[in-house]
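S.K.: Quick note, the sequences are listed as chains Z and A, same order. With the first letter of the first sequence counted as 1, position 113 gets the number 113 in our numbering; the numbers rise by one all the way through. With the first letter of the second sequence counted as 1, position 531 gets the number 1531 in our numbering; the numbers rise by one all the way through.
No lab work stands behind these hints: they were computed from the structure. Ideal Cβ positions, reconstructed from N, Cα and C, are used throughout, including at glycine. Just to be clear, a hint being listed does not mean it is correct.
[Unchecked claim] Lysine to aspartate or glutamate pairs mimicking EDC-like chemistry, simulated, CA-CA at most 20 Å apart:
1) Lys1157/A with Asp1759/A
2) Lys1157/A with Glu256/Z
3) Lys1157/A with Asp190/Z
4) Lys1549/A with Glu1075/A
5) Lys1157/A with Glu1287/A
6) Lys1549/A with Asp1201/A
[Said to hold, decoys possible] In silico contact screen, one side only, chain Z against chain A (beta carbon under 10 Å); selected entries:
7) Pro198
8) Gly201
9) Gly233
10) Phe241
11) Trp242
12) Val246
13) Pro247
14) Asn250
15) Gln253
[Claimed, not checked] Here are some of the chain A residues that sit facing chain Z, going by a computed Cβ distance under 8 Å:
16) Glu1232
17) Phe1306
18) His1320
19) Ser1327
20) Ala1329
21) Ile1335
22) Thr1347
23) Asn1356
24) Val1377
25) Gly1456
26) Trp1462
27) Arg1726
28) Gly1730
So you can see what is in the structure, the chains are spelled out below.
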Amino acid sequence: MDRVTRDMNLRADVVLLDLSHDRVVEIGFLHGARLIRRLAGAVACLTVPLVAGCTGPLSTLDPAGPAAAAVARLWWAMLAGAGLIFALVMICLLLAYRRRTRARGSVGTWVVGLGLVFPTTTLTLLLGYAVLTGERLLPHPGEEVLRLDGTARQWTWSFHYPDGGPAIPDGGPLVIPVGRPVDIHVTSEDVIHSFWIPRLGGKIDALPGHVNVIRLQASEPGRFGAQCAEFCGLGHTQMFFWVDAVPEENFRQRTEAWR
Amino acid sequence: MNEPNRPASPVELHHELTRIWGAHPGFGQLAAVNHTTLGRRFIVTAFLFFAVGGILAMLVRAQIATSHSAFVGPEIYNQIFTMHGTVMMFLFAIPMFEGFAIYLLPKMLGTRDLAFPRAGAYGYWCYLFGGSILLLALAMGAAPDAGWFMYTPLSSKPFSPGINADVWLIGITFVEISALSAAVEVLVSILLVRAPGMSLDRMPIFAWYMLVVAVMILVGFPPLILGSILLEVERAFGWALFDPARGGDSLLWQHLFWIFGHPEVYIIFLPAAGMVSTIIPVMAGRELLGYRWVVLAAISVGFLSFGLWVHHMFAVGIPHLALAFFSAASMLVAIPTGVQIFAWLGTLMSGRPRFNVPMLFLCGFFFIFVLGGLTGVMVAVVPFDLQVHDTHFVVAHLHYVLVGGFVFPIMAAAYYWLPHLTGRQPMFQLGHAVFWLVFIGFNLTFFLMHLTGLLGMPRRIWTYPESYGWDWLNLLSSIGGFVMTIGFALFVLDIVLQMRFGPKTGRNPWGADTLEWATPVPPTDYGFASIPIVTSHRQLAEDPDLPRKLAAGEGLLGFARRNWLETIAVDMITGAPRQILLLPGRTFLPLGTALATGLFFVSLLLQVYPLAIAGIVLTIAVFWLWTRHPARTADLGPLPVGDGTMLPVHTESGHAPSWWAVVFLLLADAALFGSLLFGLIFLWVVAPGWPPPEVLFNSTAFALIAMACLAGAAGLGRLALRAARRGAVGWALVWNRFLAAAHAATLLLLAAILTTAPDPTAHAYAGVTAAILVYILVHAAVGLILALHVWQACRRGHVSAARSLDLMIGRLWHDYTAVAGVIGLGTILGVAAAIGQPGAG
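Take these sequences, add in the hints, and give me the full structure.
M.R.: Below you can see the structure in the form of structure tokens.
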């Protein structure tokens, strides 16, 4: 636990450490719904045999933006559903060996009911939820949106703000304003790379000859990791940069400074 | 003299049949074509490759066990994980189930061998040689290192200049030959080579599953073969195909790869599901619940699996609505899978399941595979997939699916059928220890990996900083991996002990009702001393005395006639007996052909192209020798089969298995051609850098004449066949001569078009156009060779009104070539006209 404390994002570690001492209520600086969300996350992590927390610079379970938060919610919902279905199957298997009397081998119950109707219903609901979530995360047009162009090459990224802003030095850190949606237009000069800031949202591939767009937004200031997610050769592991989400006024100051 | 000599006793019959069907000892073993021998060889070889893949996995786990444990740099690490995936998918999983299918199917279907013993042997040698190329490259440090998915442009020449990528493309294509030949062999055998009376609805469930799998291989593998050929041509000769700077697109490779790659997952799962469906009813002591539903579910999985490949490509920038469609399709496939799972559970619940080692592994299968299926539904959800795609979450998911859905059922199958393979029982119940080590080790390794992935650990990184918090998860995963390895080592020990020291088992130790348990154990080379007549889908349960009767020669063909290897071919649907199948016996031809094919592939790899051409010529020459087996100068007429009825031999009765084999090969061929046309349209619509600077415009006349020649060849093939069937072999010879001339003319015309076509290295349009032309050219060349073969057969008197099989096969080929040629050339002309409009180019 000591090493964990040293390495981890401090705030969440306090939650976990205190959880292990049964003193959850005493953490004062996380409030209300956020506290409950964090706690739910932490408790879910506790279900794994050993505890280390769900945080980290690349953790998808420690969202810092609406897109990542929506996906994390999706994950916890699916985990709960999957847990129930898994339990159902295991109970059936156990019962097959435990019960004294044979069950009626009815095709209607087993094959049609459990095999056909049950998954169809569940999956339809899930698909609806998933498509709606995905639709909300798309880069719909809006006035506030900041555009950022990113070009990948082996094994670094270069970014610039096409709407008149300055270029960002290669290797970052990339600076984005808090609370404002950013559309990142990515492409590649050589092989395929993938642009991914796990704490803000999903990934998008950078393909030579194509431009792809992803909408991300930071809802809190902080420094987030960004890792190339598509295997791109010898330097794939090192193709990493930091993203600083800063309040709007700081963002202006920092980008002015580069001008 | 066609009247068979009834042997005096079962023992004498056994000796006679063994002499005819068996291979000689020593070097003679290399000439074995028997399915029992080949099945065993496939299984053992695949297991050796599994060990190699396992060692590579251990190296991966050692490398990333903690943030400090890296012992190699990315150069070697990239080779290790690329080879782990490649070996496990292509050299372990597919050959392993092929081995089981080859070993089991003829016995389950109550027949003596598969339809094409030599093709099976040829496939085995191709697999062995192709796999050896990959292992040799690994030993020399030149193994593929661009990932098992080989995405371009990383795998293209500028970014992978070494031989590594060529090893993958050429080695794997060599191995694919064995997958295709096994698929054709299995498909034709299931459809035609069964015990008389075994109608489709009496067929064992495993055969149904393999039927679906074989069709899936025939449709699913050609896109990858095409992609590999195109990428190798781009790498070796600089053709523009995938290069976005020259009108190509890296996405074309991804589509071709995953149109193969996703069905591949089900191609691996379905044979295992077939084994589960076979073993569970035996262990539950009742029939499979919902046999027809399960068959229908397997077929649905086969169909649906071709509609979900894009779920590997959610992050490449495809519009969300299209993604939603593929997301829905991906979830849809969970439904027939659910049908199967609950049919198995229902079978167990309504029976009295025994608890033994095979059942233990099947419980492990339920546990692991269901978890893998559930995470599979999760990654089918687009927004979630965009987070976990290319992270260790997906690594965990795919191992849950493939190890749960393949390795555990295979181990259940191994323990279930080992008494059949070895004729012995297990000794010390080591199987329980094997199970718990593998099961606990597996879950320790991969369950935690879900969390590792959610914490953001991407795939294919060779090290990571301590500050990311992944150390403890990875360390536990690595420990789990080693526990699992100990389990597999114990498995090997258990099997060796059983083979050497296990007490002899009686027939049918599990009380199964499928016919493979009616053979002697361990099985003889001929399988059944006589062929059963099937009247029920639980033949063995209803007639427990069947094995003795068959051994005594009381079934069909219970005799040794003229040193022939005989079995019976039936009507596809009803199972009514139709033909006597005369099979080829031990021969070195498959080995020789595979060596010649190997010469071709190795020369390509080393870029010694004259030698590669020599390899092709040699391969064709050796294949030519294959045709000597069925060739006869006089009709045999109908022959007795032993129950008073007479049947014609297959070469004299029309639609023989080899005719069907060509039909199914052409299905695969059409899948390849379709992929090629898809490539052209796809690039046109999606790729950057279109329209091309130059189009094929000045060869319209040549192209039209070539189409006419191909159509003419098809017509002449029909005329020749009609003449031969009338008995007018002289006329067949005449038409066949014109047919050869038509193909030769097509060859010249296509060569002329190719020389004036735009430079294939300049733009992908020219590259794909040239590829289509070469495709038609190759087909015309094969048509010419077939015409020459028929010419020789007519001259030597091998053709008669009854013996016109060669001409029937020729007609199929010429028809297909004409259709493909007209479509291909028509597409080229159409695209050229559409692009070449003034102002557009």
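S.K.: Of the numbered hints stated earlier in the document, which are not met by this structure?
M.R.: 2, 4, 5, 6, 10, 11, 12, 13, 14, 15, 16, 17, 20, 23, 27 and 28
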